[in-house]
Amino acid sequence: MDIKAMQKKWLELGTEVEQTDYAKTGYDFSLILAADKVHPLAELMLTEGFYLVFVTAVHALPAIEVVYQFARAGSPRCRVIARTAVRADGTVPTISDVYQGANWHEREVRDFYGVVFAGHPNLVPLILAEEDVDLKPLLKDEKNLKDISALRHVPADAEPEEEKAPATAKKEPAATAAKAAKPQAST
Amino acid sequence: MNVDVLEDERQHHFVLNMGPQHPSTHGVLRVLLKMEGEYVLEAQPVLGYVHRCHERIGEFKPAKSFMPNTARMDYLGALIYNQGYAMLLERAAGIEVPQRAEYIRVITSELNRIQSHLLWYGAYLLDLGAFTPIMYTFDDREHILDILEDVCGSRLTYCYSRVGGVCKDIDDKFIERTRTFIERLRGRFPMYEELVNGNVILQKRMKTVGHYTPEMCARYGVTGPLLRSTGVAYDLRKAEPYSVYPEFDFEVPLEQDGDAWAAFNVRYREIEQSLRIIEQALDKLPEGEVMASKVPKKLKLPQGDYNCSVEAPRGELSYYLVSDGSDIPYRIKVRTPSYSNLSVVPELCKGMLISDVVTSMGGLDLVIPEIDR
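Heads up: the protein sequence lines correspond to chains A and B, in order. Last residue of the first sequence: 188 in the working numbering, with the numbers rising by one and none dropped. Last residue of the second sequence: 443 in the working numbering, with the numbers rising by one and none dropped.
In short, the hints are calculated from the structure, not lab data. Do not take every clue at face value.
Unchecked claim - Chain B stretches covered by chain A per the calculated footprint, using a threshold of three residues with CB under 8 Å from any CB of chain A: (1) 116-128; (2) 371-378; (3) 401-412.
Here a beta-carbon is modelled for each residue, glycine too, at the ideal position from N, C-alpha and C.
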């Protein structure tokens with residue numbers, strides 16, 4: 002596989018691609034994409050021979066972020082983390098029709114965070130009991146909830162103070178929009 | 071014959087509950103089987119019986135204190151889970167581990183892997199109706215448990231790795247006993263091969279049962295010996311070399327057929343490779359400290375997300391940690407191999423005989439607490 006060509010394909014999909022230092026983070030690429038692009042990305046990854054490592058989520062502001070990890074069973078090593086914020090109605094498209102293994106991972110995320118995977122064939126509790134369908138145990142309470150920019154790597158060359166200030170300012174409008182949508186996400 | 075009976079679904083389809091206390095599910099796993107006579111139309115695993123909220127617990131205590139929890143997920147690969155978690159924190163905090171500690175981690179992890187494979191070997195054959203082999207494998211396994219008990223202090227749920235090294239150094243007695251054990255197990259291989267692997271009934275029971283392909287493994291995220299039984303040489307110890315594994319000469323056992331017999335052989339041959347690694351590690355074992363000198367008591371992880379993947383006995387184990395800069399993780403996700411491996415069952419077992427379901431599920435080498443977490 003040609004890593005350069007792969008990067009180009011990701012960019013064509015409209016994702017934000019960032020190469021990370023494997024020795025420091027444990028993965029090679031970080032992709033940030035809109036929820037609508039998740040399905041095309043999954044199709045691309047499967048054709049390029051990636052397997053699905055996991056699907057999980059992180060509860061942060063402005064919205065819950067769904068995290069996918071893909072890796073390749075061959076050389077050269079390529080481990081990719083893809084992130085997408087859930088849409089205002091609390092949904093993300095399912096990739097379980099491309100990666101059947103995502104079926105359970107998505108059900109688990111639904112159990113723990115209440116994220117609805119649109120188009121999932123069987124989105125019923127997997128790990129939790131059926132009566133705990135509304136428990137959503139991994140959602141943070143108000144005082145522990147952090148902004149997503151506080152959970153990103155700080156670039157080594159940038160001044161931490163300067164880097165953080167514009168990032169939070171930029172997130173402001175999105176944060177208010179998602180706050181309005183949050184009650185819907187938890188229904 | 072009355073054709074109406076065949077056409078009326080209710081009369082000849084029935085649902086069979088395999089588990090949660092079925093011996094061949096190796097723990098509290100339940101599989102709903104929709105049957106037509108002896109044939110499985112649909113298989114649906116039901117999980118969650120031993121869910122202990124490990125990921126939730128991880129968000130409430132300092133990252134260092136999560137170490138014992140890792141051992142309780144996969145009780146058969148506890149040392150490898152310890153090692154992976156320690157490596158994750160070391161990667162995040164940028165801590166160098168002394169060489170000797172790395173070697174000790176590899177030696178103990180590989181002993182742990184052999185122990186896990188031996189238990190699987192015995193239990194699998196027990197599932198298939200051969201009672202005797204488990205007595206022999208448990209005898210061998212007992213030696214490993216004794217050796218590890220001396221150095222780790224426990225026999226099953228180890229908590230041996232620490233951030234920056236291991237908690238206790240190994241001594242000459244450990245090395246001597248390990249060497250004796252390697253010799254002993256090597257002496258047992260001919261017996262296993264004659265008693266079990268060469269058995270025609272066993273081979274007939276396993277060959278052509280279940281069929282994995284590399285493409286199917288990618289769709290489900292199946293890793294470990296099952297993936298290697300399809301001819302894909304993917305072992306994280308080689309593909310993403312961690313710790314001191316690059317310094318050892320070992321092979322990745324491969325088979326091509328992707329059936330239960332191929333997976334059986336891959337696992338069996340891995341035992342010998344682990345022995346080779348241990349042997350070389352004992353020969354090369356450097357002197358020195360087993361703990362890094364400057365590990366802060368309150369370990370603050372720089373903000374960002376970190377991933378650490380290691381090769382557990384059953385496949386790829388990944389820890390994913392999101393840190394907000396404090397000593398308590400914002401989020402810990404543990405990707406366990408059995409979870410993805412088991413998710414293949416609905417597709418794999420469609421149309422199988424029920425006795426073959428037992429054969430395929432045994433080949434998955436399931437550890438249920440690792441699936442439910």
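Hints, one by one, checked against the model:
1. 116-128: Check passed, 6 qualifying residues.
2. 371-378: Per the Cβ count (7), the hint holds.
3. 401-412: holds (count 5)
Hint check: no violations occur; every hint is consistent with the structure.
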